[in-house]
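A.B. asks: With the sequences and hints as input, model every part of the structure.
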Amino acid sequence: MPTPDVTPIIPELILAVAACLVLVVEPFLKLDKTAVVAVALTGLLAYGAAAFALLGQDMAGFNDMIVINDYAIFFKVLFAAAGVMTVLMSPRYLEAHDRHLGEYYALLLFAILGMSVLAAARDLMAFYVGLELMAVSSYLLAGFFRYRLRSNEAALKYFLTGCFASAITLYGISMVYGFTGATNYAEVGTALAGGENTLGVAFATALVFAGMGFKVSVAPFHMWTPDVYEGAPTPIAGFFSVGPKAAGFAAILMMFLAVFEASVDTWTVIFIAFSIFTMLVGNLFALVQRNLKRMLAYSSIAHVGYLLAGMGAIGQSGDLLAGEAILLYLAAYTFMNLGAFGVLAYLKTQQPVTFDYTLDDMAGLARRSPWAAILMSLFMFSLTGIPGTAGFIGKFYLFNAVVRADLVWLAAIAVIFSAVSAYYYLRVMVYMFFRESEEEFVGGEAISGPLAASLALAAAGVLFIGLVPARLVDASATAFQNFLGL
Amino acid sequence: MTEFIILIIKLILIIAVSVGMVPFLIYFERKFAGFFQSRMGPTYAGPWGSLQSFGDMAKLMSKEDLVPAAADGPVFRIAPYILFVPAFVSMTLIPFGPMDVDIFGYNVDLVVSSFDAGVILFLALGSLAVYGPVFGGWASNNNWALLGALRSGAQMVSYEISMGLAVVGVIVMANTLNFVDIVDAQAGGFWNWFFIPQLVGFVIFFVASIAELNRDPFNLAEAEQELVAGYMTEYSGMRWGIFMFGEYVNMVVMSAVISTIFMGGWRAPFEFLDVIPGFIWLVGKMLFFIFLYMWIRWTLPRYRYNQLMDIGWKIFLPLAIANLAVTALIISVV
Amino acid sequence: MVEKVLFIVFAALAVGSGVGVITRSNIVHALILLIFSFVNVAAIYLLTSAFFIAVVQILVYAGAILVLFTFVVMFLNLRQYQSMEQLHPVQKWVALIMTPLVLAEFVVVALAATWTAVGGPFDRETVAAGGGNVALLGERLFNDALLPFEIASLILLVAMVGAVVLAAKEGREFMETRAWADTDEERIPEFVEEEV
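Chains as they are written, first to last, in my numbering: chain U, 1 to 486; chain H, 1 to 334; chain R, 1 to 196.
Bear in mind the hints are in silico, worked out from the structure with no lab data behind them. The reader is advised that the hints may include incorrect statements.
[What the hints assert, rightly or not] Below are the PhoX-like pairs computed for lysine-lysine, each with C-alpha atoms no more than 25 Å apart in a straight line:
| hint | chain 1 | residue 1 | chain 2 | residue 2 |
| --- | --- | --- | --- | --- |
| 1 | H | Lys-314 | U | Lys-30 |
| 2 | H | Lys-59 | H | Lys-31 |
| 3 | R | Lys-92 | U | Lys-157 |
A quick note: this is a predicted structure, and the numbers were derived from the prediction, not measured.
C.D. replies: This is how it looks when you write it as C-alpha cells:
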C-alpha cells in the first residue's frame with residue numbers, strides 16, 4: 001500500500017496533535033489551566049508558522065482531495081490569527097464563569113481544523129467532512145456554559161438549524177455527484193461544463209447556496225445568528241462571527257467558481273438578490289438592538305451582505321478584483337469584529353453578574369476604563385469603515401470591485417447601508433463617552449495579561465491593515481490568483 | 001432448482017438443531033442446578049425426570065395468554081418473537097463442515113451461506129436482539145418491566161462494543177470476515193485455534209456473551225430480588241415461554257459462534273481425528289460452552305449494576321482495544 | 001424477474017413503514033416502524049449485491065442509532081406528550097403549501113436529469129474478481145478516501161469529548177460556590193425546583 005504524502009496537511013496534523021495534547025494534559029491539572037492554554041497557543045502558532053513556511057507551494061494530495069497553495073495558506077494564517085486571539089481572550093472570561101475547562105481549547109482547535117480543511121478542500125467529500133467537523137465543534141462551544149439557559153438555547157438552535165443546513169448542502173452535493181459521477185471539484189466542473197442537466201444543476205446550486213447560506217448567516221437563513229451569539233460564551237461568539245464565516249466564504253468561492261462554473265448566470269442573480277436582502281435585514285435589525293452582542297450579530301449579517309455583493313460581482317464580470325477584495329475584507333473583518341467581542345469579554349469579567357451587554361451597561365465606560373473605551377471606539381470606527389482603519393480598506397476594495405463589474409447601483413446600495421450602519425456603531429461610542437453610568441462602579445482592574453495581548457493584536461491588525469494595506473492587498477491578490485490557476 | 005431444495009433442507013436442519021436442542025438444555029440446566037445445589041433436580045416425569053421440559057411446555061401452552069389492560073397490545077405480542085430472528089440468521093453463517101462435500105451424489109457446502117461480511121452480520125444481528133427485551137418491557141407498562149428493559153438494553157449495548165472489538169483481533173489474524181475462512185485459518189490442530197494467540201479476546205468475548213445472553217452473573221435485567229422478573233414481569237403462559245425459549249436458542253447460537261471463531265469450529269483438535277464428522281466436533285464444542293454457561297450461572301453471585309457497567313466500560317473496552325492494538329502491531333511487524 | 005418482484009416488495013415495505021413512521025402518534029410504534037423500514041432498505045442493498053453496505057445499514061442504523069432513540073424515548077417516557085398542542089398553528093398551513101411544492105420540484109428535477117453516476121464502475125463480475133465486497137470497499141476507503149475517513153474519525157472524537165463536557169457531573173461543592181449561582185434567571189437547572 002502506498003504511503004500518502006502528508007505535505008499538504010502538515011499544518012492540520014500539527015493542529016490535530018495539539019488538540020489531542022490538550023485533552024491529554026487537561027486531566028493532570030487542577031484549577032490552574034495555564035499549561036492547557038500554553039499548549040493550545042503553541043499549537044496554533046505552530047500551525048500558522050507551518051502554513052506560512054509552505055507559502056509558494058502548490059500541490060494536491062490524498063487523491064487530489066486537499067491542496068496546499070497560497071489561497072489555502074492565506075486562510076490558514078487568518079484562522080491561526082483568529083484562533084490565537086480567541087484563546088488569549090478566553091482564560092479570564094471562563095474563570096469568571098467558573099467553567100475553565102481544557103476541553104474548550106480542544107474543541108476550538110478542532111473547529112479551526114475543520115475550517116482549515118474546508119478552505120483547502122478540492123473534493124466534495126473532504127469539503128463535507130471539514131464542514132461537519134467545524135459545525136459539530138461549534139455546536140458544542142456554543143453550549144459550553146451548560147448551566148446557563150441562554151447557552152443551552154444557543155447550542156440547541158445552532159445545532160438544529162446547522163443540521164438542517166448540512167442536510168440541505170449534502171442533498172445538493174449528492175445531486176451533483178449523481179449528475180457527474182465524480183466528487184473532485186475539477187472533474188465535476190469539467191463534467192458540468194457540458195451543459196447537460198441545466199435545471200438539475202441550477203437546483204443543486206440553489207441547495208448548496210441555501211445550506212452554506214445558513215452557515216454564514218445569509219438572510220433569510222440568519223434567524224439563529226443573534227440568539228446563538230447572545231447565548232454563546234463571548235469569545236466564542238466573536239470567533240463564530242469571523243472564523244466559520246471566513247471558512248464558509250473560502251469554500252463558497254471555490255465551490256461556485258470551480259464546481260458550479262456552468263451555472264454562473266443562475267448563481268450571480270441569486271447572490272446579488274440575497275446580498276441586497278441580507279444588507280437590508282442586517283442593518284435594519286441592528287438599528288434597534290440594545291444588546292451589544294445581538295447588535296454585533298446583526299452587523300455581522302450586514303457584512304455578509306457586502307461580501308455577497310462581491311460574489312455577485314465575480315459572477316457578473318469574472319473579474320479577479322472582487323475575489324481579492326473578498327479575501328481582504330475577510331481579513332480586515334476578522335481583526336475588527338473579534339476585537340469588539342474581546343472588549344465585551346473584558347467587561348464581562350469585570351462585572352460577572354451585573355454586566356448584561358446592553359448599551360446602558362456601556363454608559364460612562366470612558367471614565368471607568370478609558371483603554372477599553374478607546375479600543376472599542378477603534379473597532380467601531382473600523383466596522384463603520386472610517387478611513388485609516390481596516391474596515392475602510394476592506395470596504396473600499398470591495399465596493400470598487402463591485403463598481404468595476406458594472407454593478408454601480410449595487411455598490412450604491414451597499415454604501416448607503418454602510419452609512420446607515422454608522423448610526424448603530426457610533427451610538428455605542430455616544431454611550432461610552434457622553435452618558436453617565438447610573439450606578440457607581442467600584443473596583444475593576446485594567447486590561448492585562450493574555451486579554452491585553454489579544455486586544456493589542458486585534459488593534460494592531462486593524463491599524464496595520466488600515467494604514468499600510470499594501471502588504472495584505474498583495475497577499476490576497478497572489479492568493480486569489482493562485483487559486484484561480486487551480 | 002436442486003440448489004434451492006438443498007438450501008431449504010439446510011435451513012430446516014439449522015432450525016431443527018437450534019430449536020431441538022432447547023428442551024434438552026432446559027432439562028440439563030435444571031439437573032445441573034440440582035447438582036450444584038446438592039439436590040436432585042427434576043425426577044418425576046419420565047426416567048430421571050428427562051421429560052420434564054415437555055411437561056413444562058404442555059403446561060405453558062395450556063395457560064391463559066394474558067395481555068394486561070394497560071399494555072401496548074401489538075408491541076407486547078410481537079416482542080417475544082424478536083429474539084428468534086437474529087438467532088436463526090446468525091446460525092446460517094456457521095459452517096458445520098467443509099465445503100463441497102459429496103452427499104448422495106450432490107455437491108453440498110455444509111454451511112447455509114458463506115457470507116463475505118459474516119462476522120459483521122453477526123454483530124449487527126446481535127444489536128437487533130436488544131429490541132426483544134426492550135420493547136417487551138416497555139409495552140408491559142409496568143415500572144419493573146421498564147427498568148428491566150432499560151437495564152437489559154444498556155447492558156447489551158455496552159457489552160456489544162467490547163465483544164465486537166474482541167473479535168477484531170481474530171479478524172486481523174485471519175484476514176477475513178467470513179466464518180468459513182476463519183475456520184479454515186484454524187486448520188491443522190488445536191494449537192492453531194485462535195483462543196491461544198487471542199486469549200484476551202477470547203475471555204472478553206466469552207464474558208461479554210454471558211452479558212449479551214442476560215445470564216447470571218449478569219442477569220440484572222430480570223434480577224428477581226429487585227425487579228420481580230424484570231422485563232418479563234407481565235408475561236405469562238406461552239408468551240413467557242417464548243421469551244425463555246428465545247434465550248436458550250440464543251445460547252445455542254452464541255456457543256456455536258464462539259466455537260467457530262475461537263475454537264476451530266468443526267475442525268478436530270488433531271488431524272488424525274478428522275475421520276469423525278465435523279458437525280459432531282462442532283456440537284461437542286457447543287455443548288462444552290453451554291456447560292460453561294450453566295456452571296457459571298449456578299456458581300457465581302450476581303453483580304451490582306454499577307459493577308456490571310464498570311467491567312464493561314472501564315476494563316473490557318480498554319482491554320479489547322489494547323488487545324487489538326497489540327495484535328495489529330505484531331501482525332504488521334511479523 | 002424474481003429480483004424485480006423482491007425489490008418491489010421490499011421497497012413497498014420500506015416506503016409503507018416510512019409513511020407509518022410519520023403518521024403514528026405513538027412514538028414507540030413509529031420507532032418500530034422505522035427499524036422495520038431500515039431493515040427493508042438493507043434488504044434492497046442485498047438485492048444489489050452490496051452485502052457490506054447492507055450489513056452496515058443494519059448495524060449502524062437499525063442497531064446502534066435506533067437503540068439510542070429507544071433509550072431516549074423510554075427515559076423521557078414521551079407517551080404523555082402525545083396530546084401536546086402545536087405551538088405554531090400557522091406553520092401547519094405553510095407546510096401544507098410548501099411541502100408539495102418542494103416535492104414537485106424534486107420530482108421535476110429527478111425526471112429531467114440524466115444520472116451519470118448510476119451503475120458506477122462496479123458490477124457483480126468485477127466485485128467477484130476483485131476479491132469481494134469487503135476487500136474492494138476497504139481498498140477504496142483506505143486509499144482513495146483516506147482523508148475524509150480520518151476527518152470523520154475526528155468528528156466522532158469531537159462528539160465524544162462534547163458529550164463528556166456537556167454531561168459530566170461536577171461536585172456539588174463546586175456548583176454551590178460559583179459566583180453567579182444566585183442570579184435568578186441563570187440558576188443551575190439541577191437546583192431549580194420543578195414547577196407544576
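A.B. asks: Each of the hints needs a verdict: does it hold here or not?
C.D. replies: Okay, the hints, checked on the actual structure:
With a C-alpha separation of about 23 Å, the suggested pairing of H:Lys-314 with U:Lys-30 holds against the 25 Å cut-off. Distance hint between H:Lys-59 and H:Lys-31 is fulfilled; the C-alpha atoms sit about 19 Å from each other, no more than 25 Å. Distance check on the hinted pair: R:Lys-92 and U:Lys-157 sit about 20 Å apart at the alpha-carbon level, within 25 Å; holds.
Of the numbered hints given earlier, the model fails none.
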